[in-house]
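**Student:** Numbering (the numbering used here), first residue to last: 57 to 244.
Mixed in with the good hints, there may be bad ones.
[What the hints assert, rightly or not] Below 25 Å or equal to it, Euclidean Cα-Cα: the simulated BS3-like pairs (lysine-lysine) are: (1) Lys171 / Lys108; (2) Lys74 / Lys240; (3) Lys139 / Lys222; (4) Lys74 / Lys171; (5) Lys201 / Lys237; (6) Lys74 / Lys199; (7) Lys192 / Lys208; (8) Lys209 / Lys199; (9) Lys209 / Lys192; (10) Lys237 / Lys222; (11) Lys171 / Lys240; (12) Lys74 / Lys139; (13) Lys209 / Lys171; (14) Lys208 / Lys171; (15) Lys222 / Lys171; (16) Lys139 / Lys199.
If you're looking for bench data, these hints aren't it; they were derived computationally from the structure.
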Amino acid sequence: MKVDFNTDADHIAIPLNKYGLSGYSLAVLGAFLLGLWIVVNPASFVITYRYKYPQEIFVMGLIVISVCGPLTANVFYRIFVIKYGLTINMDGIMNNSYIASCGFINLNSITRITKEEGDYPMSIVVHVNSPEEFIKSQSNIFKRKSAADCYKKYGSPAVINTYFLKCDYDELYTFLTDTLKTYKEDAK
Numbered sequence: 057m058k059v060d061f062n063t064d065a066d067h068i069a070i071p072l073n074k075y076g077l078s079g080y081s082l083a084v085l086g087a088f089l090l091g092l093w094i095v096v097n098p099a100s101f102v103i104t105y106r107y108k109y110p111q112e113i114f115v116m117g118l119i120v121i122s123v124c125g126p127l128t129a130n131v132f133y134r135i136f137v138i139k140y141g142l143t144i145n146m147d148g149i150m151n152n153s154y155i156a157s158c159g160f161i162n163l164n165s166i167t168r169i170t171k172e173e174g175d176y177p178m179s180i181v182v183h184v185n186s187p188e189e190f191i192k193s194q195s196n197i198f199k200r201k202s203a204a205d206c207y208k209k210y211g212s213p214a215v216i217n218t219y220f221l222k223c224d225y226d227e228l229y230t231f232l233t234d235t236l237k238t239y240k241e242d243a244k
């Protein structure tokens, strides 16, 4: 696992995988630019019988811009500003690994950590005491919806997606479970 140990503080920070984010950012930027092109020249996109009017195409372009614009800004923010995707200390886990990540997970609220290997990218599921409260504590509606979807799919709203992290999946899982075990023993 490529881990950056910060000697000034008592935490471990795992960097973001900028290579993986770059590919994602190009796709989102391409969709955003396509939306701009559609808005600027909607008449050139009237090619099917379903959409005969440029106004319909223009509205679709606005929708693409309104969705892909913030995503593009967020991805570039993660590439150029956010240095670490996951920060772990004895207070908790700060998850910034992807756009809809759940943010801070307090070690007090974690009951167990499990692997979810059937999906790609492989994820680490962090089970919390009160999932409904955790979902409500998310900072915006997009993150609340994502946490609710994770809760339905994985049984927990806190999921760490390892695709955008520069580390080995199995080593990260082992490290997180060992950290939780150490914390629980120290709390006794």
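**Student:** State for each hint whether it applies.
**Tutor:** Do the hints match the structure? See the list:
no.: 1; hint: Lys171 / Lys108; in the structure: 49 Å, violated
no.: 2; hint: Lys74 / Lys240; in the structure: 33 Å, violated
no.: 3; hint: Lys139 / Lys222; in the structure: 11 Å, holds
no.: 4; hint: Lys74 / Lys171; in the structure: 24 Å, holds
no.: 5; hint: Lys201 / Lys237; in the structure: 30 Å, violated
no.: 6; hint: Lys74 / Lys199; in the structure: 22 Å, holds
no.: 7; hint: Lys192 / Lys208; in the structure: 15 Å, holds
no.: 8; hint: Lys209 / Lys199; in the structure: 15 Å, holds
no.: 9; hint: Lys209 / Lys192; in the structure: 17 Å, holds
no.: 10; hint: Lys237 / Lys222; in the structure: 24 Å, holds
no.: 11; hint: Lys171 / Lys240; in the structure: 20 Å, holds
no.: 12; hint: Lys74 / Lys139; in the structure: 9 Å, holds
no.: 13; hint: Lys209 / Lys171; in the structure: 13 Å, holds
no.: 14; hint: Lys208 / Lys171; in the structure: 16 Å, holds
no.: 15; hint: Lys222 / Lys171; in the structure: 18 Å, holds
no.: 16; hint: Lys139 / Lys199; in the structure: 21 Å, holds
The structure does not agree with the numbered hints 1, 2, 5 stated previously, though it agrees with the rest.
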